[in-house]
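Chemist: In case you want the letters, here they are:
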Amino acid sequence: MTLNLTLKVWRQDGPRDAGRFETYEANAVSEDISFLELLDVVNEDLVAQNREPIAFDHDCREGICGMCGVMINGQPHGPLRGTTTCQLHLRHFKDGDTVVVEPWRAAAFPIIRDLVVNRTAFDRIVMAGGYVTAPTGAAQDANNIPVPKANADLAMDAAACIGCGACVAACPNGAAQLFTSAKVAHLGLLPQGQPERWSRVNAMVQRMEEHFGSCTNHRECEAACPKEISIDFIARLNRDYLKAQFKDRRQLLRATDVASEE
Amino acid sequence: MTALDTAPATTTDLDSHVPPGPIAEKWDVHRFETRLVAPQNRRRFEVIVIGTGLAGGSAAATLGEMGFNVKVFCFQDSPRRAHSIAAQGGINAAKNYKNDGDSVYRLFYDTVKGGDYRSREANVYRLAQISTEIIDQCTAQGVPFARDYGGLLDNRSFGGAQVARTFYARGQTGQQLLLGAYQALMRQVELGSVALYARHEMLELVVKDGRAVGVVVRDLVTGAVTSHSAHAVVLASGGYGNVFFLSTNAKGSNVTASWRAHRKGAYFANPCYTQIHPTCIPVSGEHQSKLTLMSESLRNDGRIWVPTNRDDRRSPNDIPPEDRDYYLERRYPAFANLVPRDVASRAAKRMVDDGFGVGELKNGVYLDFKEAISRLGRGVIEQRYGNLFDMYRDIAGEDPYRVPMRIYPAVHYTMGGLWVDYNLMSNLPGLFVIGEANFSDHGANRLGASALMQGLADGYFVLPATIAGYLAGQLGQPPTPTSAPEFKDAEDSVRERVNSLLGVRGSHSVDWFHRQLGKTLWEKCGMARNADGLKEAAREVGDLRQRFWQDVRVLGENETLNQSLEKAGRVADFLELAELLCQDALHREESCGGHFREEYQTPDGEALRDDERFAYVAAWEFKGDGAAERLHQEPLDFEYVHLAQRSYK
Ligand SMILES: Cc1cc2nc3c(=O)[nH]c(=O)nc-3n(C[C@H](O)[C@H](O)[C@H](O)COP(=O)(O)OP(=O)(O)OC[C@H]3O[C@@H](n4cnc5c(N)ncnc54)[C@H](O)[C@@H]3O)c2cc1C
Ligand code: FES
Chain Z
1 MTLNLTLKVW RQDGPRDAGR FETYEANAVS EDISFLELLD VVNEDLVAQN
51 REPIAFDHDC REGICGMCGV MINGQPHGPL RGTTTCQLHL RHFKDGDTVV
101 VEPWRAAAFP IIRDLVVNRT AFDRIVMAGG YVTAPTGAAQ DANNIPVPKA
151 NADLAMDAAA CIGCGACVAA CPNGAAQLFT SAKVAHLGLL PQGQPERWSR
201 VNAMVQRMEE HFGSCTNHRE CEAACPKEIS IDFIARLNRD YLKAQFKDRR
251 QLLRATDVAS EE
Chain G
1 MTALDTAPAT TTDLDSHVPP GPIAEKWDVH RFETRLVAPQ NRRRFEVIVI
51 GTGLAGGSAA ATLGEMGFNV KVFCFQDSPR RAHSIAAQGG INAAKNYKND
101 GDSVYRLFYD TVKGGDYRSR EANVYRLAQI STEIIDQCTA QGVPFARDYG
151 GLLDNRSFGG AQVARTFYAR GQTGQQLLLG AYQALMRQVE LGSVALYARH
201 EMLELVVKDG RAVGVVVRDL VTGAVTSHSA HAVVLASGGY GNVFFLSTNA
251 KGSNVTASWR AHRKGAYFAN PCYTQIHPTC IPVSGEHQSK LTLMSESLRN
301 DGRIWVPTNR DDRRSPNDIP PEDRDYYLER RYPAFANLVP RDVASRAAKR
351 MVDDGFGVGE LKNGVYLDFK EAISRLGRGV IEQRYGNLFD MYRDIAGEDP
401 YRVPMRIYPA VHYTMGGLWV DYNLMSNLPG LFVIGEANFS DHGANRLGAS
451 ALMQGLADGY FVLPATIAGY LAGQLGQPPT PTSAPEFKDA EDSVRERVNS
501 LLGVRGSHSV DWFHRQLGKT LWEKCGMARN ADGLKEAARE VGDLRQRFWQ
551 DVRVLGENET LNQSLEKAGR VADFLELAEL LCQDALHREE SCGGHFREEY
601 QTPDGEALRD DERFAYVAAW EFKGDGAAER LHQEPLDFEY VHLAQRSYK
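Protein sequences, first through last, are from chains Z and G. Quick note, the first sequence lines up with residues 1 to 262 if you use this note's numbering. Quick note, the second sequence lines up with residues 1 to 649 if you use this note's numbering.
Please keep in mind that the hints were generated in silico from the structure rather than gathered at the bench. What you are looking at is a predicted structure, and each value in this text was computed from that prediction instead of being measured. Check before you lean on any hint, since a few could be wrong.
Stated by the list, open to error - Below, in silico cross-link-like pairs of lysine to any residue (SDA-like), each with a Cα-Cα straight-line distance of 25 Å or less:
{"#": "1", "chain 1": "G", "residue 1": "K535", "chain 2": "G", "residue 2": "D610"}
{"#": "2", "chain 1": "Z", "residue 1": "K94", "chain 2": "G", "residue 2": "E360"}
{"#": "3", "chain 1": "Z", "residue 1": "K247", "chain 2": "Z", "residue 2": "A203"}
{"#": "4", "chain 1": "G", "residue 1": "K349", "chain 2": "G", "residue 2": "R147"}
{"#": "5", "chain 1": "Z", "residue 1": "K8", "chain 2": "G", "residue 2": "H287"}
{"#": "6", "chain 1": "Z", "residue 1": "K8", "chain 2": "G", "residue 2": "G556"}
{"#": "7", "chain 1": "Z", "residue 1": "K149", "chain 2": "G", "residue 2": "V380"}
{"#": "8", "chain 1": "G", "residue 1": "K208", "chain 2": "G", "residue 2": "E360"}
{"#": "9", "chain 1": "Z", "residue 1": "K247", "chain 2": "Z", "residue 2": "R197"}
{"#": "10", "chain 1": "Z", "residue 1": "K247", "chain 2": "Z", "residue 2": "E228"}
{"#": "11", "chain 1": "G", "residue 1": "K349", "chain 2": "G", "residue 2": "V380"}
{"#": "12", "chain 1": "G", "residue 1": "K98", "chain 2": "Z", "residue 2": "D153"}
{"#": "13", "chain 1": "G", "residue 1": "K349", "chain 2": "G", "residue 2": "K519"}
{"#": "14", "chain 1": "G", "residue 1": "K98", "chain 2": "Z", "residue 2": "R197"}
{"#": "15", "chain 1": "Z", "residue 1": "K243", "chain 2": "Z", "residue 2": "R197"}
{"#": "16", "chain 1": "G", "residue 1": "K362", "chain 2": "Z", "residue 2": "A28"}
{"#": "17", "chain 1": "Z", "residue 1": "K94", "chain 2": "G", "residue 2": "S289"}
{"#": "18", "chain 1": "Z", "residue 1": "K149", "chain 2": "G", "residue 2": "A372"}
{"#": "19", "chain 1": "Z", "residue 1": "K149", "chain 2": "G", "residue 2": "R147"}
Working from the sequences, and respecting the hints, build out all of it.
Modeler: Here's what the structure looks like:
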């Protein structure tokens with residue numbers, strides 16, 4: 001089965017360029033190819049016509065690296081739930097469809113070129129505290145601390161986030177609560193993450209707020225997430241953040257007490 | 001006459017620096033004898049790491065923790081996106097948590113045997129020893145490994161082993177391990193001990209007086225070309241499977257960092273050892289841009305078969321057991337569906353070549369879960385492989401809970417890579433190579449779940465110990481200034497190359513050339529090879545390379561994000577590597593592991609090694625454009641594992 005599609009693609013030569021839509025026809029493309037392969041086909045045509053190809057980010061094309069991601073008809077990663085752009089196949093479109101393709105639109109993700117945006121703000125949130133401090137070499141036997149299976153499974157649900165940015169692109173406020181909460185929950189659900197639990201959530205939320213808008217519970221993020229990360233993690237984040245306001249401080253206090261006693 | 005018609009010029013001068021003593025003590029003794037850098041001196045050393053996959057990410061984080069000044073580079077927009085993220089099935093470790101007879105020695109033995117006796121024993125033993133520490137380290141970082149109901153770590157089994165020693169995090173093991181390393185790395189970035197350069201590509205290695213002293217990189221967003229100097233350079237840039245165009249590797253995976261180092265003097269070892277993975281989704285059409293792996297772990301519960309009748313047009317569920325050929329179970333009763341990858345791949349190829357293929361294009365075999373689902377229940381299968389089944393459904397458009405998957409082998413991993421000694425240092429002092437980019441531990445065939453193990457062993461534990469030994473000798477010497485002529489020359493050559501690529505303005509896109517290259521290699525240097533085909537392939541590749549430089553069309557300019565330009569540079573290097581790959585495959589007149597020469601097989605079609613002539617590592621030295629590469633041999637001695645015809649029957 002093949003399809004004919006009309007693509008309206010956002011083209012922008014650089015961060016300071018105003019940008020515009022351009023229209024391309026993709027004729028007789030197989031319904032078995034992925035959306036990124038469709039862009040490949042369009043790009044081959046463009047190059048044949050001596051026009052510069054569309055820049056778009058991608059790498060694994062297996063839905064795991066989080067590098068790809070565009071707005072397809074106003075939806076991050078397109079119409080199919082729980083699917084990244086690279087795993088979206090054309091069998092989910094109809095012959096004759098017009099498809100509008102845009103980059104993520106969010107203040108925290110400036111456009112670099114065409115469909116490519118800068119997502120380093122996500123890395124910055126992780127830098128602030130999205131880790132367990134466990135320098136190489138100091139670990140005890142892995143089975144010394146059993147982890148209840150339910151906790152381990154829930155931690156894994158949260159850890160499945162691929163950091164693509166669809167949640168931010170979907171949010172009317174450009175908030176990064178889903179991304180941040182997933183990391184806070186992943187580490188906070190495991191015994192290894194307990195010692196830094198309160199300082200982590202404080203630091204990550206603070207950093208997040210430097211870059212992103214605020215969450216007002218629109219729930220668009222959950223619907224857009226290709227890994228179907230649950231917004232229950234946001235509730236958890238809020239609870240942890242609240243508790244951290246006194247727990248983290250108490251820890252700090254206790255640390256200074258000890259220091260002054262020494 | 002081409003270089004291929006004559007035997008390569010050969011020397012046997014490679015010293016692997018394997019320490020003396022019993023194999024179980026080598027690493028401990030070596031670590032004790034290796035010089036150290038005292039903590040207060042570490043910040044006086046600069047180290048460059050190229051790559052943020054499992055190998056590079058773990059190395060950069062660890063070196064940063066130790067107090068070295070680290071610069072780390074990757075071409076993706078974030079270190080977390082390195083190709084390691086895509087690893088699905090798991091990571092091996094000799095924990096023997098299952099009490100099924102596993103041990104360091106058994107993992108060592110399985111790996112040497114699985115590699116068809118073409119790896120260095122001492123390295124493999126060390127890998128097996130370190131494997132257990134990796135699991136401890138990753139668990140401490142919060143990697144959510146799968147657990148059983150008692151809360152302890154769970155295991156599954158993988159090909160080439162009769163024990164369950166594979167640790168996993170659903171079908172996303174690589175992702176979770178990489179995130180662990182990435183998080184440790186980002187902590188160091190925040191602390192200032194590691195400087196991170198994402199969307200930067202290394203395009204030259206800088207060598208001064210025979211030592212690696214730095215790199216030249218291009219900022220992929222602005223096109224700026226800059227020099228970076230250091231006391232040591234670590235390449236962790238991954239494998240070169242994309243030389244075949246279609247592979248399971250991420251689209252960006254490439255050989256450029258390794259190849260540029262090779263052109264500067266680093267030997268390239270065993271390029272012909274390429275691994276074809278048995279369980280991938282078959283090609284569906286001409287616009288296919290990559291192939292998707294279905295994890296080997298599926299072979300734990302899935303059974304592989306084809307219809308006994310070539311023209312059986314019935315839907316698979318309607319074909320009764322007596323009309324099915326479970327050919328792996330038939331031919332290899334001991335290991336059955338869990339034979340190593342090379343064996344499983346060739347068996348599938350044979351079935352398809354003989355006309356037993358299934359699916360519309362008759363280009364696959366069935367991997368069937370029906371029995372497992374009725375035995376264990378759909379829930380268990382969903383828990384074990386849910387995301388893989390979803391991925392299959394998205395791509396193939398069929399529901400694997402109801403109809404068997406269709407699978408076929410695809411290029412997946414490259415055992416070959418830059419030559420390194422026991423310290424993971426190349427023949428160029430100061431240049432270290434870790435992870436898939438080096439040639440080290442897997443011989444001619446890698447066992448499943450062993451790449452993650454090797455990448456992390458190299459990055460967390462081996463390199464941080466051995467690099468100190470090299471650095472200690474340079475205490476008090478500042479790094480070479482980037483104003484040195486060696487840096488200027490390297491920068492000039494990068495700019496020149498960029499300008500030539502942009503200047504050709506020919507008629508075919510970069511992808512067009514890449515596809516042609518892949519087609520030639522897959523047909524003539526893929527799962528089965530022979531002398532005539534290899535010579536033809538080398539000739540075709542040579543012609544294609546010439547044509548590339550006359551006829552490639554790279555639009556746009558250097559000063560912006562220009563993805564065609566990035567690809568063009570990578571394909572140009574693949575075109576050079578491909579010729580060496582054919583040459584290496586041609587000179588190795590035996591079959592071993594992933595390298596199968598049709599002329600050398602047993603009567604029942606198994607790989608036939610020639611230990612008399614070929615029990616060595618082939619390390620190639622670049623001698624200039626157009627000149628034949630020189631072959632350096634590192635003889636392989638087997639003191640512990642006895643050379644034998646591999647048998648999985
Ligand atoms: C689909 C798939 C599934 C797999 N599953 C498993 C599994 O279950 N178990 C297992 O053990 N193995 C598995 N493997 C193999 C394993 O994933 C890889 O061998 C391993 O992850 C390689 O890690 P690495 O750190 O060496 O390189 P990579 O992860 O490939 O990282 C390379 C890094 O180098 C950077 N880089 C490269 N070139 C340059 C340059 N010129 N300049 C700057 N940066 C550069 C990249 O940006 C990247 O950061 C799988 C492989 C595939 C393809
Ligand atoms: S390209 Fe990796 S998630 Fe789509």
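Chemist: Can you list which hints this structure breaks, lowest number first?
Modeler: 4, 8, 10, 11 and 14
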